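Given the structure of chain A, go ahead and fit chain B onto it with the hints provided.
Protein chains in written order, with the working numbering: chain A, 1 to 378; chain B, 1 to 378.
Possibly wrong hints are sitting among the right ones.
If chains are identical, the list can't say which one is meant, so a pair holds when it fits in one copy or spans any two.
[Stated by the list, open to error] List of simulated lysine-lysine pairs, DSS-like, C-alpha gap at most 27 Å:
| no. | residue 1 | residue 2 |
| --- | --- | --- |
| 1 | Lys238 | Lys330 |
| 2 | Lys238 | Lys300 |
| 3 | Lys268 | Lys238 |
| 4 | Lys300 | Lys330 |
Hint data in this document are derived by calculation from the structure and do not stem from the laboratory.
Since the structure is predicted, the reported quantities are computational estimates derived from the model, not experimental observations.
Residue strings, one per chain:
There are 2 protein chains.
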Amino acid sequence: MAESVGAVTPQRLHCPEPLLLACGVPLAHFDLVYETYGVLNAQRSNAILICHALSGTHHVAGHYAGQPRSSGWWDNMVGPGKPVDTNRFFVIGVNNLGGCDGSTGPSSLDPATGHPYGPHFPFVTVEDWVRAQARLADHLQIARFAAVMGGSLGGMQALQWSLTYPERLRHAIVIAAAPNLSAQNIGFNEVARQAITTDPDFYGGNYYARGVIPERGLRLARMLGHITYLSDDAMMEKFGRDLLANAPHFSLDVEFEIESYLRYQGKKFSERFDANTYLIMTKALDYFDPALAHGGHLSKALARARADFLVVSFTSDWRFSPARSREIVKALLDNGLAVSYAEIDSSQGHDAFLMENPDYFAVMQAYLTRVFEALPHA
Amino acid sequence: MAESVGAVTPQRLHCPEPLLLACGVPLAHFDLVYETYGVLNAQRSNAILICHALSGTHHVAGHYAGQPRSSGWWDNMVGPGKPVDTNRFFVIGVNNLGGCDGSTGPSSLDPATGHPYGPHFPFVTVEDWVRAQARLADHLQIARFAAVMGGSLGGMQALQWSLTYPERLRHAIVIAAAPNLSAQNIGFNEVARQAITTDPDFYGGNYYARGVIPERGLRLARMLGHITYLSDDAMMEKFGRDLLANAPHFSLDVEFEIESYLRYQGKKFSERFDANTYLIMTKALDYFDPALAHGGHLSKALARARADFLVVSFTSDWRFSPARSREIVKALLDNGLAVSYAEIDSSQGHDAFLMENPDYFAVMQAYLTRVFEALPHA
Chain A
1 MAESVGAVTP QRLHCPEPLL LACGVPLAHF DLVYETYGVL NAQRSNAILI CHALSGTHHV
61 AGHYAGQPRS SGWWDNMVGP GKPVDTNRFF VIGVNNLGGC DGSTGPSSLD PATGHPYGPH
121 FPFVTVEDWV RAQARLADHL QIARFAAVMG GSLGGMQALQ WSLTYPERLR HAIVIAAAPN
181 LSAQNIGFNE VARQAITTDP DFYGGNYYAR GVIPERGLRL ARMLGHITYL SDDAMMEKFG
241 RDLLANAPHF SLDVEFEIES YLRYQGKKFS ERFDANTYLI MTKALDYFDP ALAHGGHLSK
301 ALARARADFL VVSFTSDWRF SPARSREIVK ALLDNGLAVS YAEIDSSQGH DAFLMENPDY
361 FAVMQAYLTR VFEALPHA
Chain B
1 MAESVGAVTP QRLHCPEPLL LACGVPLAHF DLVYETYGVL NAQRSNAILI CHALSGTHHV
61 AGHYAGQPRS SGWWDNMVGP GKPVDTNRFF VIGVNNLGGC DGSTGPSSLD PATGHPYGPH
121 FPFVTVEDWV RAQARLADHL QIARFAAVMG GSLGGMQALQ WSLTYPERLR HAIVIAAAPN
181 LSAQNIGFNE VARQAITTDP DFYGGNYYAR GVIPERGLRL ARMLGHITYL SDDAMMEKFG
241 RDLLANAPHF SLDVEFEIES YLRYQGKKFS ERFDANTYLI MTKALDYFDP ALAHGGHLSK
301 ALARARADFL VVSFTSDWRF SPARSREIVK ALLDNGLAVS YAEIDSSQGH DAFLMENPDY
361 FAVMQAYLTR VFEALPHA
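If we strip away everything but chain A, and leave its shape as in the complex, we get (with noise of 0.2 Å):
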C-alpha cells in the first residue's frame, strides 16, 4: 500500500473580484477553501485540479493533523506512488462556490446583511464552478494546468474546463460522468429537493436562525442517493436479504441490513451537510448540459475543445452508464481529438470511482505517467 500525503492544512484564497453567475447574478466577493499536496515545479507545470463531485470537498488526500480518521475523500488515488502521483503532481483540492465546507455558500454569512445567506444565496453551475476555479488558478500563478480531473458531477466540471478554458488544461480526465442528465437523474434529485423543501424544519431556506436543520429531508435525500451510488449486485453482494436478527420481527423498526445502512448513512450525512448547499449542488447537475446552447449536438458542443481526454466509466454504474460515458467519446472523436476510454468491469456501481480497482488504477497510473513524462520539465 501507497504512503499518504500525511498531515494537510486547508487554505483560504479571497476572491475580491465579483464574478458574474450564469443565472446573472453578480456575487461581489467569494472565498474558496483549498489543499495541495506535493510541491509545483519551477516551470509551474506540473499542476492537476482535481474537482469534487456533489458531496464532495476540497479534503481530497491525507488527514488533519491529530485526527488519523480524516483521510480525504480520494485518498487512496492521490498520493506518493500513488495513480495521482504527488511525487510528481502539485495536486489541488478545491471546495466548490456553494459549498458548506468552508468556501462561500448559503451557510456563509452575508456580509451585506450579517446573517446567512440561506436561500438567497444564488444558483450556481457547473460553469460558474470553472471560472471560480480558475480564479485560484490565477492566484497561484498556474496558466495551465497538466490535466483537471474528477469524477461524477467532477467529471463534468473537468469537462466543462475544457470548454470554457481550452487553453489553460493539457488533459482533461472525466470519470463516471455524463454529458447530462437523464429524466431519471433529475427524477431521483427532484425526489431528494421535495424531501428537504417539505421538511418543515426547512423554513424556506431560513432553518439556520431557529437553530434547527431540516434532518429529516437530508437524511431521505442521502439515503436515495446511496441507492442510486451503489449497484443492485453491490447491494445483494454487501447486504443481501440479511436480517439483523434471526427472522421478521413484523414491524417499522430496522430489520434488514439494508435498512441500518442506508439509515446510518442517513443520519451520518445529515449532521455534516448543509440542505441548501445539496439543493443547490442537485440544481448545478441537473442544468448541466453543454450541448443545449448547441441545438443538443454534442459534438459541436465539444469543438471548442483542445485536450486530450482520458474517459473512465464502470459497467454497472447505472446513474451514468457506459453509454453516457460514450457519448462523450463520440463526440470528442468528432473533433478529432485525443480521447483513450476505458470502460472498467466493476459491481461497485457509480460509487466504483471512489474505490481501489485494479484494473482502474492501473488505467490511471498509466495515463498519467504519460502526462507527466510529456510535461515541459526543467
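Just chain B now, with coordinates in the frame of chain A:
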C-alpha cells in the same frame, strides 16, 4: 379496440371466522371488497382471480355507473374479447387485507374500539392475502381457479397460491415479479417508509383522529415509486430534459417536465391512498421470500406447486428484471412443472405489465385461450 365490461358494482364479503396471520396475530373477522366480471359456468371451472399490486384495488375492469372515467386498472387486459376474456371467464378482483379501498385495513374502524385500527392493524403477508382470498373463493364456491394471476406484487400472490393451495388453481400467471426483493428493492421501500414515518403529520400512524395525513411522506414515496416503475429510456422518451419554460429559471420551482410529472403523481396518490396501508404493503413485499424456509433454495420451495405456469417479464424492467423471472422459471423447471416463459421487448420498465403491448397481449391471449379450451366444459 375491444369493448369494456361496462358498469360494475363492488361487493362486500364479511368473513366472520378468525384468520391467524403470519405475524402471529389472529384477526377476529374481516371484510373483503371485490368485483366480478363475466359469468361463472355451471361447472364453476372458469374463474380467474386477479391479484393487485402495491397500490391496486379490486376495481380491475369496467367503470362505475355515471363515472365514465373510473376505468379499472387493468381494463385493457380484462373484458369481452380481451386477453382475459370475460365472455369466457368469470373474473374476480379483490382488495387485499390491509388495503384502503374497502377491505379491512388500518383505516377501517376497529369494532373493539370504534376508532380506526391505525398502527395497531397487524402486519399482513402475501401468504395471509392468499389465505384471505381463499375465503372469498369458498364463498363463491370456487373449488379450483382456472387461473390466478397478477403483475408485480400481484404476481407474487399468484406464485404463493400455487404453494399454499396447490390443488386450487390450474394455472398461475406470474407477470413482472420476482421470487423476493433485492437489497436495492428493499432500500427503495425503506426510503419511502422513512418519508412517511418521519413526516410530522404521521403521528406514529395515529393521524386519522387529528384530521391530517402524512401527505408530504406519501408524495415522496409515490414520486420515488414512479421513478422505479419507469425505465430510464421510457422517461427520456416521455419527458427528456424538456423544460416547462424556454430556459432554466434558477429557482426551486418545478421547471423540468419530469419534475412536474412526479409532483403531480405524488399529489394525486397522497389524496387517495392511506399511509398505514402503504407501509404494510411495502413490508409485505420485503418479507415475501418463499425460499427462506428452504434454506434459500427456490427449487425446493416450489416443489409443492402443481399448477401450470406462465411467467412474463419485460426487458427494461429494472425493478424486477427478467433475470428475477428466470430464477422462478428455473426453479419451476427443476420441479418438472409445465412453464411457459415470455420475455417481452419493451422500453416501458416495470409499468409495462399494465400497458398494452402487442407481443405481451398476444402471449396472454394465446395462453388464456389454451387455458379456456382445456377447461372441463358443460
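Results of checking the hints against the structure:
Proximity of Lys238 and Lys330 under a CA criterion of 27 Å is satisfied inter-copy only: 25 Å between copies versus 35 Å inside one chain copy. With identical chains, the CA atoms of Lys238 and Lys300 are at most 27 Å apart between copies only, with a shortest distance of 25 Å across copies and 42 Å within one. Proximity of Lys268 and Lys238 under a CA criterion of 27 Å is satisfied intra-copy only: 19 Å inside one chain copy versus 36 Å between copies. In this homomeric assembly, Lys300 and Lys330 come within 27 Å of each other (Cα to Cα) only inside a single copy, at 11 Å, whereas the closest approach across copies is 49 Å.
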